[in-house]
Amino acid sequence: MVGGGIGGLAAGIGLRAAGWEVTVRERSAALPQTGTGLGIWPEAMRALDALGVGDEVRRRGSRQAGGSIRRPDGSRIATIDVDRLERRHGEPVHLVTRPVLLAVLAGALPGPALRLGEPVTDPLPLRDAYDLVVGADGINSVVRAQMYGGRYPLRYAGAVAWRGVVDLDLTEGGETWGRGRKFGLTPAGSGRTNWYAAVRLPEGHPAPPDDRDELRRLFGDWHRPVPHVLDALTGEGILRHEIHDLTPLPSYVSGRTALLGDAAHAMTPDLGQGACQALIDAVALADCLRGAGDVPAALRAYDGRRRRPTQRIAAGARWAGRLAGVRRLLPVRDALLRLALAAGPPA
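In terms of full-length UniProt numbering, the sequence shown opens at residue 1 and continues consecutively.
Be aware that one or more of the hints could be misleading.
Here are the computed distance ranges between Cβ atoms for each label pair [what the hints assert, rightly or not]: (1) 169 / 322: 27 to 37 Å; (2) 81 / 255: 14 to 24 Å; (3) 255 / 202: 34 to 44 Å; (4) 171 / 237: 51 to 61 Å; (5) 155 / 225: 28 to 38 Å; (6) 34 / 205: 22 to 32 Å; (7) 235 / 59: 27 to 37 Å.
It should be emphasised that the hints constitute simulated quantities derived from the structure, not laboratory data.
All residues carry an ideal CB built from backbone N, CA and C; glycine is no exception.
Please work from the sequences and hints to get the whole structure.
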């Protein structure tokens, strides 16, 4: 297993349960201690249940609160009905921080199986050393690069994002959409709130001298509690990055090598599905390889199961990001958003 993030750890757990001996190699020397929250949707919770850690994630997380999509003046565009989602799927969206989820997953693997501080720069020798190589090494995957070279590059999604956590206890989350800009809030419990912002900008736009000043300039006159959140920023822990996704691949597998998670289908964060789909990938991969005598055939079955659904969700996320970033025809944008929310979450 190349990569010990969410997808790599989950795949390691699933493959061990399917009878495989597993080694997970992760370049970081330690699991992260800080990080923002992740929304774990019902299908992903079922994947965690299949791995035997679902109840622990529920215990250490919280039910995601509902919210609204608003305009900068505070007027409502649409409501996010989490109760309807729970009625439909029998499970709410659970909010858990990335460090907690990684700790739960890592705790389900025996110590020797997880090798921290062991980066893989050339995956080619692994083919001779292992019966199966899984690239779970993220958006800049070296395993994918070895499979495809530069034929399916990352694509700039047209926006720059900021995100972080503030010490504020908010009861309602949601997003605010302006002209080419949006600001989102997700209460995380225990007096903490996740926040994120995105702005349509050309690729390579210079970073501002001070992120807090730039965020206040862009969002400081928006409705409450956005200015209150901006005032609570400390300058530390603010992450800024350009948003990219991956050109769709023709296959997630080659011989005895498979890709999963961001290595296979890196998507924009607009639907909140990146971590969820990595978990579902991991369980599907383990299912296909359970008792498999023909590994390449089992991997082709995994590809048939996961490639089209994940690429459909990735396309939906890219569309949602473009919709949130429009600067004109805002009434049409708002109507499309209400239709999208009424249609329900991606399947």
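Hints, one by one, checked against the model:
{"no.": "1", "hint": "169 / 322: 27 to 37 Å", "in the structure": "holds (33 Å)"}
{"no.": "2", "hint": "81 / 255: 14 to 24 Å", "in the structure": "violated (45 Å)"}
{"no.": "3", "hint": "255 / 202: 34 to 44 Å", "in the structure": "holds (40 Å)"}
{"no.": "4", "hint": "171 / 237: 51 to 61 Å", "in the structure": "violated (23 Å)"}
{"no.": "5", "hint": "155 / 225: 28 to 38 Å", "in the structure": "holds (34 Å)"}
{"no.": "6", "hint": "34 / 205: 22 to 32 Å", "in the structure": "holds (26 Å)"}
{"no.": "7", "hint": "235 / 59: 27 to 37 Å", "in the structure": "holds (33 Å)"}
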